[in-house]
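**Q** Chains B and D are the protein sequences, given in the same order.
81 is the number of the first residue of the first sequence in the working numbering; add one for each residue after it.
581 is the number of the first residue of the second sequence in the working numbering; add one for each residue after it.
What the hints contain is simulated information worked out from the structure, not anything from laboratory work.
Relax, there's no trap hidden among the hints.
Listed next, the in silico BS3-like pairs over lysine-lysine satisfying Cα-Cα at most 30 Å (straight line):
#, chain 1, residue 1, chain 2, residue 2
1, B, LYS162, D, LYS648
2, D, LYS658, B, LYS214
3, D, LYS593, B, LYS132
4, D, LYS640, D, LYS624
5, D, LYS658, B, LYS236
6, B, LYS162, D, LYS646
7, D, LYS670, B, LYS214
8, D, LYS593, B, LYS109
9, D, LYS639, D, LYS656
10, B, LYS132, D, LYS624
11, B, LYS236, B, LYS272
12, D, LYS639, B, LYS162
13, D, LYS593, B, LYS110
14, D, LYS656, B, LYS162
15, B, LYS109, D, LYS591
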Amino acid sequence: MARNATSKKSGRGSLPTRKSINFASVGEKKVRYGILIPVIILAVLAVAAFAKFAVIDRLNALETERAELARIEREIAEGYAKIESYGELTERYAHYTFSDMTAEELTRTDRVAIVDLISRVVIPEAVVSSWDVKGNELSLTITGETLQQINLIAQKIEAEEIVDFCTVTTAATQDTWYNRVYENTDNRVTAKIIVYLNEMTPEVVL
Amino acid sequence: MKILSRDFTTKEKVLLLILAIILLALVYYRFIDIPVRDGIAEAKSEQDMRRIELTAVNKKIESLEKMKNELDDIAKLKTVTYMPSYNNVKNVNRLLNDTLGPLDYVVTYTNLTRDANQIRRNVSLQFTSPDYETMEQVLRQISESEYRCLLDDLRGALVNRRNDDALTVNLTATFYETMVGGTADAGLPADRSAAN
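Produce the complete structure using the sequences and hints provided.
**A** Given below as structure tokens:
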């Protein structure tokens with residue numbers, strides 16, 4: 081037990097001596113500030129670190145996740161509003177689109193353009209007795225005055241934009257009818273011309 | 581105020597300190613850690629679901645943008661053709677009748693096909709035209725009509741009819757319709773794209 085008194089280590093009969101006569105402090109412990117202050121500082125630091133990393137940072141992380149969720153929800157709402165703004169576009173599109181048509185359909189040479197070609201280029205020069213359009217190929221049977229004239233017609237056909245190339249496959253001064261050959265009395269030339277047509281470039285990029 | 585008649589011993593103080601720390605840890609775990617952890621997990625899971633929805637919404641917007649651009653391009657074409665809703669056979673009949681009316685003709689509806697929303701009404705036409713101009717006009721009226729139509733095989737020949745030249749023309753054509761806005765009926769064929 082600590083006392084504010086000291087005793088001499090002398091022999092018998094010696095009495096303890098007291099340096100302080102403040103009796104109020106009798107029994108009180110001496111505060112050791114040299115230890116207490118660092119301990120308090122360490123405790124405050126520990127509490128602050130705990131509050132920072134275990135509470136504030138965690139709550140901030142939660143808030144960040146919730147803010148991210150709110151941002152996504154806002155983007156979705158804006159997206160729906162944009163979709164709404166298109167109105168009946170889908171229905172209109174279904175009536176005008178070319179997207180469901182096949183490549184062959186989109187690139188097929190316009191039949192009216194072929195008829196127009198025959199009308200402009202061939203008919204003024206020769207008699208067109210038959211024609212046949214299948215896919216991108218046109219077969220023409222024409223009768224002209226001379227073979228040279230037939231060749232000229234073939235060249236004119238080939239110069240057309242919708243034509244890839246054309247060839248005269250047969251030319252004769254005879255007419256055939258149901259496998260019977262009749263003599264062509266006026267010496268006119270009947271020829272078969274095959275025309276290979278260019279595929280059309282679709283006007284709409286799909 | 582002194583609860584005990586004596587001071588705590590060092591051992592007791594240490595034990596009390598440990599007890600207080602445990603108590604604080606429990607309070608932290610129960611009232612901060614668990615709710616925060618659950619909140620973050622819930623927000624993340626909700627975010628994942630919303631992100632899937634957002635992707636779908638963005639895809640839809642992208643497809644609508646594409647549709648809009650395509651419609652803008654179509655509007656610039658020389659001839660804009662319209663695909664009516666199924667079943668447009670009455671209007672096709674009316675169109676063919678108006679076009680071929682004055683001529684001798686045979687119209688055969690060869691077949692009707694369906695690929696998803698796209699309906700193709702294939703028609704075979706045979707008609708006799710007095711001259712080339714009339715034939716050209718007929719073809720033009722059909723292919724440039726308000727209903728989308730593509731002409732396919734075309735065959736013609738000059739024939740001598742009652743001492744007068746005429747043209748016989750055989751033609752196959754396809755009229756296009758859409759199921760969007762259309763009403764299914766007994767004549768509607770099965771969807772070929774669904775079978776594939």
